[in-house]
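Engineer: Sequence:
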Amino acid sequence: MKKKTYEIKKCILCGAKIKKRKNVSIVDYSKRKFCKVSCQHKWNALTKSSDIECTFCGKKFRKKNSQIGENNFCSLDCASKYKTLTHSKKVICSWCGKEFKKAKNQIRGNNYCSQKCMGEWQTKFRVGESNYNWKGGLLSVSKRIRSLNKYTDWRKDIFKRDNFTCQCCGDKTGGNLNAHHKKQLLDIIKEYHLNEMIDVLRCEKLWDLNNGITLCENCHRECHQKKGVYENIKRAIQ
12 MKKKTYEIKK
22 CILCGAKIKK
32 RKNVSIVDYS
42 KRKFCKVSCQ
52 HKWNALTKSS
62 DIECTFCGKK
72 FRKKNSQIGE
82 NNFCSLDCAS
92 KYKTLTHSKK
102 VICSWCGKEF
112 KKAKNQIRGN
122 NYCSQKCMGE
132 WQTKFRVGES
142 NYNWKGGLLS
152 VSKRIRSLNK
162 YTDWRKDIFK
172 RDNFTCQCCG
182 DKTGGNLNAH
192 HKKQLLDIIK
202 EYHLNEMIDV
212 LRCEKLWDLN
222 NGITLCENCH
232 RECHQKKGVY
242 ENIKRAIQ
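For the sequence shown, position 49 matches number 60 in my numbering, and the numbering has no gaps at all.
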């Protein structure tokens, strides 16, 4: 039987002869273009990429044709600097007056060059009635009331009267109980104009045990979130 012959292929990059391995068919061999993988990679780099200029620094570099876009960068550093340059604007710090750059989509009425400046500005202009959480000073009074020994005793008396048991679901888990005000503490402070501690200590409604009830943390949370609509809690606190 006459042995089949084939044309010796040469690498299209370096011109070296391409060896045919015994387990490779003549058909597959005829499709070979490179003598080794490295030659194929070099060929792809030459034919499937182009020399372009970095949009930011102007440096020439090579990039795949399929990845070339409107803006091209030779490094992540150049891409970051370009973004800072084109997507930011110079503004004045509302506290220290320093000029700095800030992303255009983050510019607000007041702008700060640092967390320190923002904190100092808020300390001066966001206190008392200027604070968006201002509630007429009620929260500060409430905080002082909860720190009193008399308030601690009031809670203990509520727990003892209710046998350390949630009056809604019957939970007796230690450390899981709260003394709930049927008439909210802030409402009492507002109604009786409790600004001074002497008035707080003399206010009978504030220390009335009938205005308190023992609830577990879950029932207490439900009571505040649903404002007593939750039927079991509603019956318990009435």
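Just so you know, these hints were derived from the structure itself, not from any lab.
Among the hints, a few may not be true.
[To be verified] Simulated restraints on C-beta separations:
1. R32 <-> S60: 29 to 37 angstroms
2. V35 <-> S60: 38 to 46 angstroms
3. S158 <-> K115: 25 to 33 angstroms
4. T97 <-> K70: 38 to 46 angstroms
5. T163 <-> T134: 25 to 33 angstroms
6. S61 <-> K112: 52 to 60 angstroms
7. K101 <-> C68: 18 to 26 angstroms
8. K28 <-> Y93: 42 to 50 angstroms
Here the structure is a predicted model, which is why all the values come from computation and not from measurement.
Glycine is no exception: its CB is placed at the ideal position from the N, C-alpha and C atoms.
Engineer: So, for every hint listed, does it hold in this structure?
Structural biologist: Evaluated hints:
A C-beta distance of roughly 30 angstroms is found between R32 and S60, which places it inside the suggested range of 29 to 37 angstroms. About 29 angstroms separates the C-beta atoms of V35 and S60, a value inconsistent with the hinted range of 38 to 46 angstroms. One distance hint, 25 to 33 angstroms for the beta-carbon pair S158 and K115, is violated here, with the actual separation near 46 angstroms. Checked against the hint of 38 to 46 angstroms, the C-beta distance between T97 and K70 comes to roughly 18 angstroms, which is inconsistent with it.
Between T163 and T134 the beta carbon distance is about 32 angstroms. The supplied range of 25 to 33 angstroms therefore holds. Hint check: S61 to K112, Cβ distance near 33 angstroms, so the stated range 52 to 60 angstroms is violated. Taking the beta carbon of each, K101 and C68 are about 22 angstroms apart, inside 18 to 26 angstroms as hinted. Look at K28 against Y93: about 48 angstroms separates their beta carbons, and that is inside 42 to 50 angstroms.
The structure fails to meet hints 2, 3, 4 and 6 from the earlier list, while all remaining hints are met.
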